[in-house]
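We have chain A already, so just place chain B on it with the hints.
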Amino acid sequence: MAGEPLLALGEAATTGRPAPPLRLAGPLGVLALGFLLIPYAGLAFTTNWRALAPSAGDWDAVATSVGATLAALVVVIAGGTPLAWWLATRRPRLRVLLDALLLLTLLTPPLAMGLMLAIAYGPYSPIGRMAAHLGLELSNTPAAFLLAQIYASAPYYVLAARGAFESVPAEYQDIARTLGRGPWYSFWHVSLPLARLGLATGLALAWVRALGEFGVALIIAYFPQGIPVRLWVDLQDSGLAAVYPLLWAFFLIGLPLPLLLGLWARGRHAG
Amino acid sequence: MQAEPAPAGAPAQAHAGPAALAVDLRLARPVALTARFEVRGFTALLGATGAGKSTLLRALAGLLAAQGTPFSGLPAHRRPVGYLPQGAGLFPHLPVWRNVAFALDGSRRARRAAAVAALERVGLADLATRMPDALSGGQRQLVALLRAQARHPALLLLDEPTAGLDPLTAENVAADLIARLRAAGIPALAATHDATLAAMADHVALLHGGDVIQEGAPAAVFASPACREAASLLGWRNLFTARLRAPDLLDWPAAGTTLRLAGPPPALPGAALCWGLPAGAARLLPPGAAGPRENRLTGVVSTCHVLSDRATVGVAIGGATLIATLPPLRAPAVGEDVGVVVPAEAIRVWPAAPARSPG
Chain A
1 MAGEPLLALG EAATTGRPAP PLRLAGPLGV LALGFLLIPY AGLAFTTNWR
51 ALAPSAGDWD AVATSVGATL AALVVVIAGG TPLAWWLATR RPRLRVLLDA
101 LLLLTLLTPP LAMGLMLAIA YGPYSPIGRM AAHLGLELSN TPAAFLLAQI
151 YASAPYYVLA ARGAFESVPA EYQDIARTLG RGPWYSFWHV SLPLARLGLA
201 TGLALAWVRA LGEFGVALII AYFPQGIPVR LWVDLQDSGL AAVYPLLWAF
251 FLIGLPLPLL LGLWARGRHA G
Chain B
1 MQAEPAPAGA PAQAHAGPAA LAVDLRLARP VALTARFEVR GFTALLGATG
51 AGKSTLLRAL AGLLAAQGTP FSGLPAHRRP VGYLPQGAGL FPHLPVWRNV
101 AFALDGSRRA RRAAAVAALE RVGLADLATR MPDALSGGQR QLVALLRAQA
151 RHPALLLLDE PTAGLDPLTA ENVAADLIAR LRAAGIPALA ATHDATLAAM
201 ADHVALLHGG DVIQEGAPAA VFASPACREA ASLLGWRNLF TARLRAPDLL
251 DWPAAGTTLR LAGPPPALPG AALCWGLPAG AARLLPPGAA GPRENRLTGV
301 VSTCHVLSDR ATVGVAIGGA TLIATLPPLR APAVGEDVGV VVPAEAIRVW
351 PAAPARSPG
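Residue numbers (the working numbering), protein chains in the order written: chain A, 1 to 271; chain B, 1 to 359.
Just chain A, same shape as in the assembly:
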């Protein structure tokens, strides 16, 4: 672990040893990390590897979750990137209000969001009726599941992307313009690459949020069952022993994208 900066900070000039309070930081940190890792150790040690066979319903849940999450991310990127860019580059007088509204969507508890989606998009709402008229049911359908994932993940992506765009000095846009490049070219070749670390972080967060969304989906998209709802059903029907296969699948699907994005962003950083 990163013990070096702490050591350097607390180094007593005469002895070259860390000052007493800082000498405890290392052991305390190890303890805290160990505490946080207890659930993972529990999962690893109690898994019966020979009987780790997912059921047919589990595979359906995986397919549903991955498909819908990918689709949700496309929507979130397509809509969230311009919004984040607009929030980062304009200085509207309504900025505080816009920020508050964005935070509201982020801070709303998932269960509350699910209930509000049912109110806004459910079969008895004007939007729900209009959608149903066009042949699109927004309750317990793939479209409803997608909707739940978008609402659950978009605020995370937009906030991270806004921060990323804000951290790109406006000066570079100006220079690109004086070099004969229009706004679109400088967005693609200057702003986007300079913001990629933050954008990758936002994308990773959105992926994990959308994939893991339970509270929103439970209310408006109990069907089709994604991984979280299916895990809940497995637990209810068959007990804790039945969740292992899907739980491991959850990890295997959830982690690679954030890790790859992180590696990609950092790797590109070096040129």
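If you are wondering where the hints come from, they were derived from the structure by calculation, not from laboratory data. As the structure is a prediction and not an experimental result, all values here were calculated from the model. Each residue gets a CB set at the ideal place from its N, CA and C atoms; glycine is no exception. Please note: incorrect hints may appear among the correct ones.
[To be verified] If you want the ones that stay clear, here's a sample from chain B, every Cβ over 10 angstroms from chain A, calculated:
hint: 1; residue: Ala76
hint: 2; residue: Leu165
hint: 3; residue: Asp166
hint: 4; residue: Ala184
hint: 5; residue: Thr258
hint: 6; residue: Ala271
hint: 7; residue: Thr298
hint: 8; residue: Ser302
hint: 9; residue: Leu326
hint: 10; residue: Pro327
hint: 11; residue: Pro343
[Stated by the list, open to error] Quick list of the computed label-pair ranges, beta carbon to beta carbon:
hint: 12; chain 1: A; residue 1: Ile119; chain 2: B; residue 2: Gly164; range: 47 to 53 angstroms
hint: 13; chain 1: A; residue 1: Trp188; chain 2: B; residue 2: Arg121; range: 25 to 31 angstroms
hint: 14; chain 1: A; residue 1: Gly57; chain 2: B; residue 2: Asp133; range: 52 to 58 angstroms
hint: 15; chain 1: A; residue 1: Ala170; chain 2: B; residue 2: Pro269; range: 52 to 58 angstroms
hint: 16; chain 1: A; residue 1: Leu263; chain 2: B; residue 2: Asp126; range: 47 to 53 angstroms
hint: 17; chain 1: B; residue 1: Asn172; chain 2: A; residue 2: Tyr185; range: 32 to 38 angstroms
hint: 18; chain 1: B; residue 1: Asp133; chain 2: A; residue 2: Trp59; range: 46 to 52 angstroms
hint: 19; chain 1: B; residue 1: Asn172; chain 2: A; residue 2: Leu263; range: 40 to 46 angstroms
hint: 20; chain 1: B; residue 1: Ala267; chain 2: A; residue 2: Ala170; range: 47 to 53 angstroms
Positioned in the frame of chain A, the structure of chain B alone reads:
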């Protein structure tokens, strides 16, 4: 000796040199500015921090809305200008060659070949694949220059090209930059607060209070600042308030003494004035030494900084401090009594009020 205040927006005294590009810009925001001057070869726009130099450059680049010429009405990406912000502004995520090739069109291979060829001409081909943060300040400046040159600009805008460099490096970087621009025949406007850079330029424009208060060849401008503010921008440190007692007699109340003036009277007796003296013009003498008696004052050495090529001496005369520069070997000690001769012909006098009202 008497310097007349510059008439409002007066064109420069014609002097030999490159063809002029006339600038006539008006801005309301973020700083109110009226700038009428000429760019001749390497032109220094000398102004204090916050005077609006960067604003003026950004307006010329089309990055800020302004009325006037040149390039009126053209959006930034259509203007034939190169813009080098403070610190050169290389794109940090692109290697050197892609920075140089940023404005070029064509295949990646062709752009790379063109960029490397440009880097070769200035001896930086080895740096083509380096990232900008691995470059020295001078190298960055040069790469930014190549990047801007790719568009064959009719005017190059440099914002504080020597800021952040130590004085010796700054002088070398500036000399190199000016030589390259002269060789390439590109007119340039460099915003700076550094009088040394201004002295190296082909032409100088002084920006103060939202106006260009004086312009001309550096030698002429440095010799005859048009007003107190101009003198201050040019690095004059001996600037004092005074009152004209008689056509050729100046009361210097801070020092409690009177100075004789040479030449025609600068104003009517009783006028509030400002006078200045180049630091190199004051002569220091031992207290009882022989020498001129006119404008001979006595004072006490209050500060003395000795450098390898000169000494800068502060002499307290009454309540005022006069700065004199002299050869280092003749530097007096702090606390020593000295005689100071202020040559009448070296004194510059201006009206006490600024020549032009700000804004």
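Going down the list of hints, with the structure as the test:
1. Ala76: 4 angstroms, violated
2. Leu165: Since the minimum Cβ distance to chain A is about 19 angstroms, Leu165 of chain B lies beyond 10 angstroms and the statement holds.
3. Asp166: 24 angstroms, holds
4. Ala184: 17 angstroms, holds
5. Thr258: 54 angstroms, holds
6. Ala271: Check passes; 47 angstroms lies beyond 10 angstroms.
7. Thr298: It holds; Thr298 of chain B is separated from chain A by about 53 angstroms at its closest Cβ, greater than 10 angstroms.
8. Ser302: 40 angstroms, holds
9. Leu326: 45 angstroms, holds
10. Pro327: 45 angstroms, holds
11. Pro343: 49 angstroms, holds
12. A:Ile119 with B:Gly164: 47 to 53 angstroms: 58 angstroms, violated
13. A:Trp188 with B:Arg121: 25 to 31 angstroms: About 30 angstroms separates the Cβ atoms of Trp188 of chain A and Arg121 of chain B, which means 25 to 31 angstroms holds.
14. A:Gly57 with B:Asp133: 52 to 58 angstroms: Roughly 54 angstroms apart at Cβ, these two residues keep to the hinted range, so it holds.
15. A:Ala170 with B:Pro269: 52 to 58 angstroms: Hint holds: Cβ distance 56 angstroms, inside 52 to 58 angstroms.
16. A:Leu263 with B:Asp126: 47 to 53 angstroms: 30 angstroms, violated
17. B:Asn172 with A:Tyr185: 32 to 38 angstroms: Holds - the Cβ-Cβ distance for Asn172 of chain B and Tyr185 of chain A, about 35 angstroms, lies within 32 to 38 angstroms.
18. B:Asp133 with A:Trp59: 46 to 52 angstroms: Distance hint for Asp133 of chain B, Trp59 of chain A holds at roughly 49 angstroms.
19. B:Asn172 with A:Leu263: 40 to 46 angstroms: 43 angstroms, holds
20. B:Ala267 with A:Ala170: 47 to 53 angstroms: With a Cβ separation near 49 angstroms, Ala267 of chain B and Ala170 of chain A satisfy 47 to 53 angstroms, so the hint holds.
Of the hints listed earlier, those the structure fails to meet are numbers 1, 12 and 16, in rising order.
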